[in-house]
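Visitor: Letter by letter, the chains look like this.
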Amino acid sequence: MDYQVKLEIFEGPLDLLLHLIHKNEVDIFDIPIATITDQYLEYLDMMRALNVTVATDFLVMASTLVHIKSKMLLPDYEQGTDEEDPRVEITRPLLEYMNLKSAAEELAEREILQKDVFTRPLDRTLLDEVSKEGPEVEANIFQLITAFRRIIEEEQYETRLKIEAARWSVKEKTAYLVALLREKRSVYFREIFEGQLTISELIVTFLALLELVRAGMVRVFQPTQDRDIRLEAKFENQDDNNE
Amino acid sequence: MNRSLKLIVEALLFSSDRPLSPKEIRSWIPEATVSEVTSALQELVEEYEHLGRSFAIKEVAGGYQFRTHPMFAPFILSMLKTTPSRLSRAALETLAIVAYKQPILRQEIERLRGVDVGGILRSLMEKGLIRIVGRKNLPGRPLIYGTTKKFLEVFGLKDLNSLPKLKEIKELAGHEQETHQEKEDQESESKEAPIPSLSGPDNRPG
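The listed protein sequences correspond, in order, to chains A and B. Start counting at 1 in the first sequence, then tack on 1, and there's your number in this note's numbering. Start counting at 1 in the second sequence, then tack on 18, and there's your number in this note's numbering.
Hints were generated in silico from the structure; no laboratory data involved. The reader is advised that the hints may include incorrect statements.
What the hints assert, rightly or not - So the derived label-pair ranges between C-beta atoms look like this:
{"#": "1", "chain 1": "A", "residue 1": "Leu123", "chain 2": "B", "residue 2": "Lys176", "range": "19 to 27 Å"}
{"#": "2", "chain 1": "A", "residue 1": "Glu155", "chain 2": "B", "residue 2": "Trp46", "range": "42 to 50 Å"}
{"#": "3", "chain 1": "A", "residue 1": "Asn141", "chain 2": "B", "residue 2": "Ser45", "range": "38 to 46 Å"}
Said to hold, decoys possible - Calculated pairs, DSBU-like style, for lysine-lysine (alpha carbon to alpha carbon, straight line, at most 35 Å):
{"#": "4", "chain 1": "A", "residue 1": "Lys24", "chain 2": "B", "residue 2": "Lys183"}
{"#": "5", "chain 1": "A", "residue 1": "Lys102", "chain 2": "B", "residue 2": "Lys168"}
{"#": "6", "chain 1": "A", "residue 1": "Lys70", "chain 2": "B", "residue 2": "Lys119"}
{"#": "7", "chain 1": "B", "residue 1": "Lys24", "chain 2": "A", "residue 2": "Lys116"}
{"#": "8", "chain 1": "A", "residue 1": "Lys102", "chain 2": "B", "residue 2": "Lys176"}
{"#": "9", "chain 1": "B", "residue 1": "Lys145", "chain 2": "A", "residue 2": "Lys116"}
{"#": "10", "chain 1": "A", "residue 1": "Lys116", "chain 2": "B", "residue 2": "Lys41"}
Nothing here was measured: the structure is a model prediction, and the numbers come from that model. Glycine is no exception: its CB is placed at the ideal position from the N, C-alpha and C atoms.
Construct the complete structure from the given sequences, taking the supplied hints into account.
Guide: See below:
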């Protein structure tokens, strides 16, 4: 079984180079390139021996180092001509990297929110209830039935119960409700039963309402448990569109 | 009016869960001017600083906010029963690069760090510390990254200009000029060149 290990300490080639520079206590502006290159390659060998996958970034840096080392050996550089120091190629990114490292450290040392400093929290779930005027809770079928029963009981329709032929159809009452809602857009549940005298008429009206709700033409909601249910038209008024 | 304005501003700051800017505050106090609000804020900042309480008003992310003193963090953390989520060194370095070099391409971040940063960028975006600010008009339309307002809030920064300056980069530029101009001075110059210490301070209190 092979184990793959990621060495956290040297996250990238620049990290490794910096470590070598600090370990050897050398000046970043005068890097002994031969020594550092040898140590760098040694470290890569060690990583391989440990079966650590060497990232390509490390190999690119290795080739850069070897390239610089070879340039340094050329007579041109040794004679001190105008040639730029070949080590600049690594010095510049190294310095930039060091600066950003110290910038990162400065960030880490700041007073960090929710770690060093804390602010005042606010419970927005409570706020929403205050800001809206009466939250609208969709009423379900049970709330509708409860409300319907209340109407029947309150008005004591039983006493007025007469036996009569079924004069009301659901279709008729649906048309009545649509007309009512088209006019008012929004009515109280109680309102749709106004002027109706018999239980059979009430029931048919109620059934018509359920039909409309099922068809998605009416929205039914109840602000609070003890408040009256409201009905709202969900269809467009064709008359309005024509105007 | 002056005294009551200050109290109104204080009440707003007290009941807010985010930093409030003078402009915002003014929008809720129509009879006051922005400069009146600003001076009320500054008076409040000073008053709370001198009160020596466990909290004070801090200027962050373009606004003002009540914040506790870092001294009390351990107690608050144990009350909240949490440990703060830590940013890894790699994440902090990447964040620092984005903060200082923004707007910046992923490719440029990778050149500076010398390693792939895809995963780190994603997690910094999830934390809401960095965001995509656009796409560069280059082949492949690469994404451009920048820091967010939340970054300023988390690190307690007024604005991006109040990031601590990167001194050393300027000194490097100066050094390079000298390398070209006066090669003889290079050695003595380089020995004095500052090297940011990566380890802690060497001298411990006796």
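Visitor: Next step is simple, just say for each hint if it's right about the structure.
Guide: Results for each hint:
A hinted range of 19 to 27 Å for the beta carbons of A:Leu123 and B:Lys176 is consistent with their spacing of about 23 Å. Between A:Glu155 and B:Trp46 the Cβ separation comes to about 47 Å, which falls inside the hinted range of 42 to 50 Å. About 41 Å separates the C-beta atoms of A:Asn141 and B:Ser45, a value consistent with the hinted range of 38 to 46 Å. Between the alpha carbons of A:Lys24 and B:Lys183 the distance comes to roughly 28 Å, so the proposed pair stays at or under 35 Å and holds.
Distance restraint check for A:Lys102 and B:Lys168: the Cα-Cα separation of roughly 22 Å lies within the 35 Å cut-off, and the hinted pair is therefore satisfied. A threshold of 35 Å between alpha carbons decides the hint, and for A:Lys70 with B:Lys119 the separation of about 31 Å falls inside it, so the pair holds. In summary, the hint linking B:Lys24 to A:Lys116 is supported, as the alpha carbons are separated by about 30 Å, within the 35 Å threshold. For the proposed pair A:Lys102 and B:Lys176, the alpha carbon gap of about 22 Å is at most 35 Å, so the pair holds.
Distance check on the hinted pair: B:Lys145 and A:Lys116 sit about 15 Å apart at the alpha-carbon level, within 35 Å; holds. For the hint linking A:Lys116 to B:Lys41, the alpha-carbon distance of about 29 Å falls within 35 Å, and the restraint holds.
Hint compliance for this structure: no hint is broken.
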